[in-house]
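Novice: Given next are the chains, with one letter for each unit.
There are 2 protein chains.
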Amino acid sequence: MKTIEVCLSPDLMHLYEVQDKTVVVVDILRATSCMVTAFAHGVDCIMPFADLESCRGMNKQGYTTSGERNGEKVEGFDKGNSPFEYMEEIRGKKVAFTTTNGTQAIGKSIGAMDVVIGAFLNLTAVSKYLVDGTNNVLVVCAGWKGKVNLEDTLFAGALVAKVQEHIGTDCDAAITARHLYDIAKGDMAGFLKQASHIKRLNRLGIHEDIVFCLTEDKYDVVPRLRDGILCC
Amino acid sequence: MKTIEVCLSPDLMHLYEVQDKTVVVVDILRATSCMVTAFAHGVDCIMPFADLESCRGMNKQGYTTSGERNGEKVEGFDKGNSPFEYMEEIRGKKVAFTTTNGTQAIGKSIGAMDVVIGAFLNLTAVSKYLVDGTNNVLVVCAGWKGKVNLEDTLFAGALVAKVQEHIGTDCDAAITARHLYDIAKGDMAGFLKQASHIKRLNRLGIHEDIVFCLTEDKYDVVPRLRDGILCC
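Heads up: the sequence lines are chains A and B, in that order.
Numbering follows numbering that gives the first Met the number 0, in which position 15 of the first sequence is assigned residue number 14; successive positions increment by one, without gaps.
Numbering follows numbering that gives the first Met the number 0, in which position 65 of the second sequence is assigned residue number 64; successive positions increment by one, without gaps.
FYI, nobody ran anything at the bench for these hints, they're computed from the structure.
Hints should not be assumed to be uniformly reliable.
Put simply, identical chains are the same to the list, so a pair is met inside one copy or across any two.
As the list claims (entries may be wrong) - Simulated crosslink set (BS3-like; lysine-lysine; CA at most 27 Å straight-line):
1) Lys107 to Lys144
2) Lys1 to Lys93
3) Lys217 to Lys72
4) Lys184 to Lys93
5) Lys72 to Lys127
6) Lys192 to Lys107
7) Lys144 to Lys1
8) Lys192 to Lys217
9) Lys59 to Lys192
10) Lys198 to Lys217
11) Lys1 to Lys192
12) Lys72 to Lys198
13) Lys1 to Lys127
14) Lys1 to Lys198
15) Lys144 to Lys192
16) Lys93 to Lys192
17) Lys198 to Lys92
With the hints as extra help, turn the sequences into a complete structure.
Specialist: Here it is as structure tokens:
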């Protein structure tokens with residue numbers, strides 16, 4: 000039986016062997032939710048950047064630039080980090096994307112056999128991809144500046160629960176995440192009112208974004224990293 | 000109101016400021032449970048070591064040497080890592096102690112304003128110490144070779160629950176730990192049968208150790224680190 004493990008922070012990535020694994024990168028609020036939304040609306044590709052200035056420079060090469068730091072859109076970028084920005088004027092576009100946590104986690108996953116983008120929005124699509132595949136799985140939670148967060152842990156738990164008949168786990172972080180999801184699944188938005196990042200985002204007035212990012216199975220896409228670029 | 004945070008792995012310690020905090024180090028199976036048991040039975044002091052050879056050398060200075068790696072006693076050491084070894088022939092002794100995870104976590108906590116040793120065995124005593132103190136609190140889970148584990152996370156959750164009327168939290172890891180403890184508290188030994196380290200330890204035939212280490216409030220001691228040495 001294949002196995003699934005959960006890495007609760009990108010700062011723990013060094014503890015896991017990834018070269019023969021499929022890594023699922025998750026940053027529910029909001030990087031990977033935006034990416035899934037963009038692919039569902041026909042984006043051509045997304046190039047993730049860890050640093051702001053390299054990303055900004057991509058507009059000269061015809062890319063749409065997306066920049067977020069600390070929950071806010073960066074001045075001079077075309078788009079920020081709300082999924083609603085990735086439903087329009089996105090078809091056929093190439094996007095250069097940098098965020099506080101999500102694109103950093105993607106960067107740390109390079110070296111894995113396969114890297115895919117997960118969110119509640121494509122939960123079942125990702126589950127099916129993992130069950131159909133042959134690789135063992137590592138879910139990498141982007142967290143908040145290295146610290147563990149509730150929303151990414153919840154997604155990891157949802158994924159572990161979803162695949163558990165086909166993919167086993169002997170990983171305490173995966174067990175923790177699955178139990179947390181069991182508690183929260185009836186009312187995730189309510190449960191997440193405790194979360195530190197939710198409080199941060201509520202101050203920015205983006206409650207609609209949060210509700211949207213917690214919607215399961217809105218889209219049937221599985222973005223994958225190929226040669227450093229996300230495609231579908 | 001004071002605050003309590005939880006660091007789920009020593010490999011995430013760099014994300015937390017500790018110089019003005021009380022750090023509670025926890026390695027339920029079994030380093031901190033052994034230490035608490037030793038102080039309850041009159042040990043004079045315990046000097047923690049990260050590396051095996053420095054620890055071994057302390058027998059020349061009249062120390063009792065305690066060494067554990069991967070759950071097993073190290074050859075040539077006086078004692079291993081079972082709490083039952085710290086109930087006899089321990090009064091008035093000085094102990095040099097090295098373990099796979101626990102003493103490493105203590106080493107990473109040096110620099111904190113105050114470092115104390117926590118276990119289920121002294122849960123209420125540690126809670127009272129934290130509530131009576133003036134410092135903010137960071138619970139550091141020793142985990143297993145850097146990875147998050149269930150038993151230390153459960154203790155962190157128990158501690159957060161115990162102090163919550165007096166010490167607040169805005170830390171997602173602390174919220175996760177508290178929820179996990181809420182699920183498990185009715186039957187911790189049963190809950191922990193899922194845990195990776197429990198399976199590892201069961202192979203070593205130490206079920207009695209596990210049950211003992213999950214006993215709440217057997218002892219009323221709070222070991223503290225002073226100049227690199229644990230005293231009570």
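Novice: Are the hints correct? Go through all of them and say.
Specialist: Status of each hint after checking the structure:
1. Lys107 to Lys144: both (13 Å within a copy, 20 Å between copies)
2. Lys1 to Lys93: Classified as neither: same-chain Cα gap 35 Å, cross-chain 48 Å, threshold 27 Å.
3. Lys217 to Lys72: within (24 Å within a copy, 53 Å between copies)
4. Lys184 to Lys93: neither (35 Å within a copy, 51 Å between copies)
5. Lys72 to Lys127: neither (33 Å within a copy, 45 Å between copies)
6. Lys192 to Lys107: Close neither inside one copy (29 Å) nor across copies (32 Å); limit 27 Å.
7. Lys144 to Lys1: Close across copies (23 Å), not inside one copy (30 Å); limit 27 Å.
8. Lys192 to Lys217: within (22 Å within a copy, 36 Å between copies)
9. Lys59 to Lys192: neither (41 Å within a copy, 57 Å between copies)
10. Lys198 to Lys217: Classified as within: same-chain Cα gap 25 Å, cross-chain 39 Å, threshold 27 Å.
11. Lys1 to Lys192: between (35 Å within a copy, 21 Å between copies)
12. Lys72 to Lys198: within (18 Å within a copy, 47 Å between copies)
13. Lys1 to Lys127: within (14 Å within a copy, 45 Å between copies)
14. Lys1 to Lys198: For Lys1 and Lys198, the Cα distance is within 27 Å only across copies (19 Å; inside one copy 37 Å).
15. Lys144 to Lys192: Only inside one copy: Lys144 and Lys192 sit 20 Å apart there, 32 Å across copies, limit 27 Å.
16. Lys93 to Lys192: neither (35 Å within a copy, 49 Å between copies)
17. Lys198 to Lys92: Result: close neither inside a copy nor across copies, 33 Å intra and 51 Å inter.
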